[in-house]
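Undergrad: Sequence:
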Amino acid sequence: MNNRTNFYRDEIFRLLGQERYLLAFDVETTGLQPDAQIIQFAGVLYEMGKEKKFTLTERERMNIYIRPRTALPKRITELTGLTNTFLADYPYEEEAFPLIRAFLSQEGIYCGYNVAFDIGKIRALYERQGFLFHQRKYLDVLEMARDCIPKDKIEKYNLSSVSSYLNTTQGLDYHNAQDDISATARCFIRLLNMYIQAWREERGRKKEKLVLSYCYYWVNRYQKSMQRVIAVTTGGNLYYDAIKKQWGINKKESLKIEDVDLDFIQIQCLSKYKCQDMDE
1 MNNRTNFYRD EIFRLLGQER YLLAFDVETT GLQPDAQIIQ FAGVLYEMGK EKKFTLTERE
61 RMNIYIRPRT ALPKRITELT GLTNTFLADY PYEEEAFPLI RAFLSQEGIY CGYNVAFDIG
121 KIRALYERQG FLFHQRKYLD VLEMARDCIP KDKIEKYNLS SVSSYLNTTQ GLDYHNAQDD
181 ISATARCFIR LLNMYIQAWR EERGRKKEKL VLSYCYYWVN RYQKSMQRVI AVTTGGNLYY
241 DAIKKQWGIN KKESLKIEDV DLDFIQIQCL SKYKCQDMDE
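Just so you know, the UniProt record's numbering puts 227 at position 227 of the sequence shown, and the rest follows in order with no gaps.
Read the hints as simulated data drawn from the structure, not as lab findings. Incorrect hints may have been included.
Unchecked claim - Below are the EDC-like pairs computed for lysine to aspartate or glutamate, each with C-alpha atoms no more than 20 Å apart in a straight line: (1) K206 to D241; (2) K224 to D241; (3) K52 to E78; (4) K251 to D241; (5) K52 to D35; (6) K151 to E258.
All chains, full assembly: derive it from the sequences and hints.
TA: This is how it looks when you write it as structure tokens:
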């Protein structure tokens, strides 16, 4: 596991305990810009089984191709395999929107990979159609991967790299929204099991609760990518890496990061400086 707190893991456990269904979705778009149009929306409604082991049972699947108002950029065709000729036979977004809205209105936790991107494009679609997109809690498998897979074990935290690391790539074509959902669901189950295993191991391990004195922000003037929140504690100095979004400790300190209760440190930091998260 990475040197991150258990905040996200605990939130996942809480959400899964409250809900019965998972609404997984993925979009392909004309680009990354805010007004980019959706050209493919895929969604799967899963029922979660929580008896002896966690399972996902598919209850509904939808896949919609959407004809954009403008020609596709060449790079999007290269990335997704979708062409202007192929999409010309499909409806414009105003015709596809009611189906997307009906799917997303169902009961369940939203789920995706880097799902904030998909939600941003869906919110823009709703606005263009004169509707308000009602935000709900969502589960981001990307954040789970960052929690569970050490950074030195993986080249990138994109879906294909994480799937390869977890050995869940069989029969999948990435940058196709349908297959991206299947890949996300497979990764989700593997990562959830890693969460559960780590939780079981931690129950029998006592970690040191250090008392925070104060924090300060530090940037390496010669290497701007090194930005840290330094936490001065009763047992030594720790730091939160603002870029990697994980905790660390200098080699000169006698403490080992795995022996420190990082949740306790982070709670003190947020409380002392009245912040919602470590990125404020």
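Undergrad: For which of the previously enumerated hints does the structure constitute a violation, in increasing order of number?
TA: As far as the earlier hints go, 1, 3, 5 are violated by this structure, in ascending order.
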